[in-house]
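Under this note's numbering, the first residue of the sequence shown is numbered 120, with each subsequent residue one higher.
It is possible that part of the hints are untrue.
[Claimed, not checked] Keeping only pairs whose Cα atoms sit at most 20 Å apart, straight-line, the calculated EDC-like set for lysine to aspartate or glutamate is:
#1 LYS187 / ASP215
#2 LYS210 / GLU228
#3 LYS187 / GLU228
#4 LYS159 / GLU228
#5 LYS187 / GLU197
#6 LYS210 / ASP257
#7 LYS187 / ASP257
[As the list claims (entries may be wrong)] Cβ-Cβ distance ranges computed for the label pairs, FRET-style:
#8 PRO190 / THR162: 17 to 27 Å
#9 THR211 / ASN254: 29 to 39 Å
#10 GLU197 / SER158: 31 to 41 Å
#11 ASN189 / SER158: 33 to 43 Å
#12 ARG193 / ALA222: 29 to 39 Å
#13 GLN258 / ALA222: 15 to 25 Å
#14 THR163 / ARG193: 17 to 27 Å
Since the hints were made in silico from the structure, they are not lab data.
We put the CB at the ideal spot given by N, CA and C, even for glycine.
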Amino acid sequence: MKKQKAESRKQKSLTTITLAMLLCAAPFVPLQTGCALFSKTATTQQKLSEVRNLSYAAASIGTGVAIKQNPGWRAQFEAAYHDLDQLVTQKTVTGDFLRNTIASLPVKELRSDTARIAIEGATLLFDQTVGTQINIEDQPYVLAAATGIRDGMQIALGLGPLK
120 MKKQKAESRK
130 QKSLTTITLA
140 MLLCAAPFVP
150 LQTGCALFSK
160 TATTQQKLSE
170 VRNLSYAAAS
180 IGTGVAIKQN
190 PGWRAQFEAA
200 YHDLDQLVTQ
210 KTVTGDFLRN
220 TIASLPVKEL
230 RSDTARIAIE
240 GATLLFDQTV
250 GTQINIEDQP
260 YVLAAATGIR
270 DGMQIALGLG
280 PLK
């Protein structure tokens with residue numbers, strides 16, 4: 120009986136944290152995600168903004184949930200964040216570096232309700248709302264994706280305000 124109550128409290132706690140992270144990420148994710156990425160009339164800037172927003176959502180929620188469930192992973196996420204931060208700040212992120220950084224994490228993917236970042240031959244961003252994908256290792260998307268991932272990890276790790 121006590122074990123069931125403890126498990127129930129743990130599940131409620133995880134649900135509460137996930138909902139809180141969703142609320143924190145909500146201002147960064149447009150209501151109709153996926154529209155700009157695959158619209159023939161979208162500007163490059165709109166597409167880059169969409170990649171950044173979806174990457175932010177997946178990284179912030181995915182990182183937060185992973186660390187909550189496995190606190191011992193925090194150091195790996197922090198190391199990846201610091202490596203990513205350095206190259207994003209210098210604007211020298213490459214597709215290979217982004218793939219290796221994501222692959223260094225102890226998770227198979229970073230996910231939110233709206234997006235998923237996974238390595239499947241290349242680092243792909245999946246838009247969960249429209250069921251499409253884009254290779255975020257390619258220019259011009261790699262810096263936008265890396266910026267969103269860095270910012271999402273920063274918030275989930277509690278490493279201060281966004282840069």
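### Message
Hint by hint, where does the structure go against what was stated? Just the numbers, ascending.
### Response
1, 2, 4, 7, 8, 9, 12, 14
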